[in-house]
Amino acid sequence: MNNKFLFALLFALASCHTSFQSNFKEGKNNKIISDADGESDQTITKIIAPYKTKLDSLMTIRIMVADADLTKGSPEGSLGNMVCDLLMRYAQKQKMQADFCVMNNGGLRIPTLYKGDVFIRTVYELMPFDNQLVLVKISGAKCLELFALIAENNGAPVSGLQMVIDNSKATEIKIGGKPFDVNTDYWVLTSDYLANGGDNSGALKNPLERIDKNSLIRDILIAQMREMYFDGETLQAKIDGRITKK
Amino acid sequence: MEESQKSNRKQFIKQTLYLVGFGALANSPVNVLAQTEPKRLKILHTNDWHSRIEPFPAIDKNYGGQGGAAVRASLIKKIRKESGELLLLDAGDIFQGTPYFNFYGGELEYKLMSEMGYDCVTLGNHDFDGGMDGLIKQMPHAKFDFVNANYDFSKTPLQGKIKPYKIYKKQGLKIGVFGLGIELKGLVPDKLFGNTVYHDPIAVANEVALMLKKEKKCDLVICLSHLGYKYKNNKVSDEVLATQTQNIDLILGGHTHTFLPEPIFYKNLINKSVCVNQVGWAGLQLGLLEYTFEPFVNTDAKPSSRLFSLTNTENV
Chain X
129 MNNKFLFALL FALASCHTSF QSNFKEGKNN KIISDADGES DQTITKIIAP
179 YKTKLDSLMT IRIMVADADL TKGSPEGSLG NMVCDLLMRY AQKQKMQADF
229 CVMNNGGLRI PTLYKGDVFI RTVYELMPFD NQLVLVKISG AKCLELFALI
279 AENNGAPVSG LQMVIDNSKA TEIKIGGKPF DVNTDYWVLT SDYLANGGDN
329 SGALKNPLER IDKNSLIRDI LIAQMREMYF DGETLQAKID GRITKK
Chain R
4 MEESQKSNRK QFIKQTLYLV GFGALANSPV NVLAQTEPKR LKILHTNDWH
54 SRIEPFPAID KNYGGQGGAA VRASLIKKIR KESGELLLLD AGDIFQGTPY
104 FNFYGGELEY KLMSEMGYDC VTLGNHDFDG GMDGLIKQMP HAKFDFVNAN
154 YDFSKTPLQG KIKPYKIYKK QGLKIGVFGL GIELKGLVPD KLFGNTVYHD
204 PIAVANEVAL MLKKEKKCDL VICLSHLGYK YKNNKVSDEV LATQTQNIDL
254 ILGGHTHTFL PEPIFYKNLI NKSVCVNQVG WAGLQLGLLE YTFEPFVNTD
304 AKPSSRLFSL TNTENV
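Residue numbers (the numbering used here), protein chains in the order written: chain X, 129 to 374; chain R, 4 to 319.
None of these hints come from the bench; they were simulated from the model.
Predicted model, so just to flag it, every value in this text is computed and none were measured.
Do not rely on the hints blindly, as some may be mistaken.
What the hints assert, rightly or not - With a Cα cut of at most 25 Å, we get these calculated DSS-like pairs of lysine-lysine:
#1 R:Lys146 - R:Lys81
#2 R:Lys81 - X:Lys341
#3 R:Lys173 - R:Lys42
#4 X:Lys374 - X:Lys297
#5 X:Lys174 - R:Lys146
#6 R:Lys140 - X:Lys174
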């Protein structure tokens, strides 16, 4: 009998506590919005200041203007289209024999490049990884593997390549406007990340030939945008049916 | 097992009764009260910060004005003031995502987390983006521990710099924290992780958690995981980890940038509760879990939870 009594007493003592009190506003799902208390910690702000000042002087340089929002999308998106188109233009200028360009949506790290000024910072946020530009020559058969992967993934950022995804299969494939020929080898412009087999892109690995440009894709995009802007061009949100779904 | 715990408890109460006696209980209730006061521990956590030092710019349609290290730090300070000792943890991918990382290599991220008083972090795949040498270069700026138990670094320059687990003593409790990382092959360029060997997270977790719980007698075993919350296929994830292991109380996750509105409770291999939580990414939220350890009550420790959205109201 005493056991029970003592246990109840101990339990009562143990349960007797005040619940956690906070100044933060409580919302649904236990979610507390700190809107009333969102002040900055001054020590932190002071630590950041010298880094921010130096960075801002570099990052806030305007290099381009976008006429509309450019967005990531499937099977094609205006953001991925722009990136690949710019890389193809760069390749042509450099006399690189690229037949088509393919990148991965995972490598584009902002969902939207907003209408208006494009700063160096914007391109850093779009493409923070230090990926380099690579040109690989692969067989028609390997190309088919790559196209199958693109179709399975419901599209990818491309340029110089057209296809219709029919039931997760790549059909009506065209390269540079001409029908794809499985007996031809093609030069593919891409990132070293994909050329090394990243994102399951094994088809690009172990190519017939590989040329490493040793330039960061981000730096190429910045240079390309600057040049275009200097020539009076702006960025368009282009969706031209390069990859469509049946 | 539960039966033996119950009889242990009865035994313990009998002994207590015998030692204290009713006279003593009546004469000094304060002492008894002191002995039976529940122990409380707050755990604050973040994941996938991705170098978001500053709040998102106002132009950002999704997160304009949200996040930022300065607001997070002030909130952490406030909670510390209210509750004293706590655990502050991060589940990886501190690096990569803004020019701060490209230009300073993670130095500022580590400095700020040290100032906020982080205790322990695990490694995400993007923490390898500056290579292992890049990571080592920034480590002097980190006044917190790095844990990972399923990467074998013995043939890499990280040898000895990452501990499999770490034990913390806070609020009179012993807390074991270990880390698990995602398979790097195919996700991170080979040259960046070099000879790091990946081991099966489930097997490693069972081994380490058992040791922390039984041998080291930790009151709470926490796994900092960068495996990801869950996948459509049966790839190893926090969900798989929670259900296929034992001796883990809490899994704080990352990688999939999952905004869980509240922690999810799973039943582990032996039908005990495991709490899983993840708070999105980019330092947009801070998770808070509070454990209450009632003396003599040997039940599953289930925490209460709070979630803070971090918004800088000054700049908006």
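Results of checking the hints against the structure:
1. R:Lys146 - R:Lys81: Distance of about 21 Å is within 25 Å: holds.
2. R:Lys81 - X:Lys341: Judged against 25 Å, a Cα distance of about 51 Å means the pair is violated.
3. R:Lys173 - R:Lys42: 10 Å, holds
4. X:Lys374 - X:Lys297: 10 Å, holds
5. X:Lys174 - R:Lys146: Given that 25 Å is the threshold and the Cα spacing comes to 18 Å, the pair holds.
6. R:Lys140 - X:Lys174: 23 Å, holds
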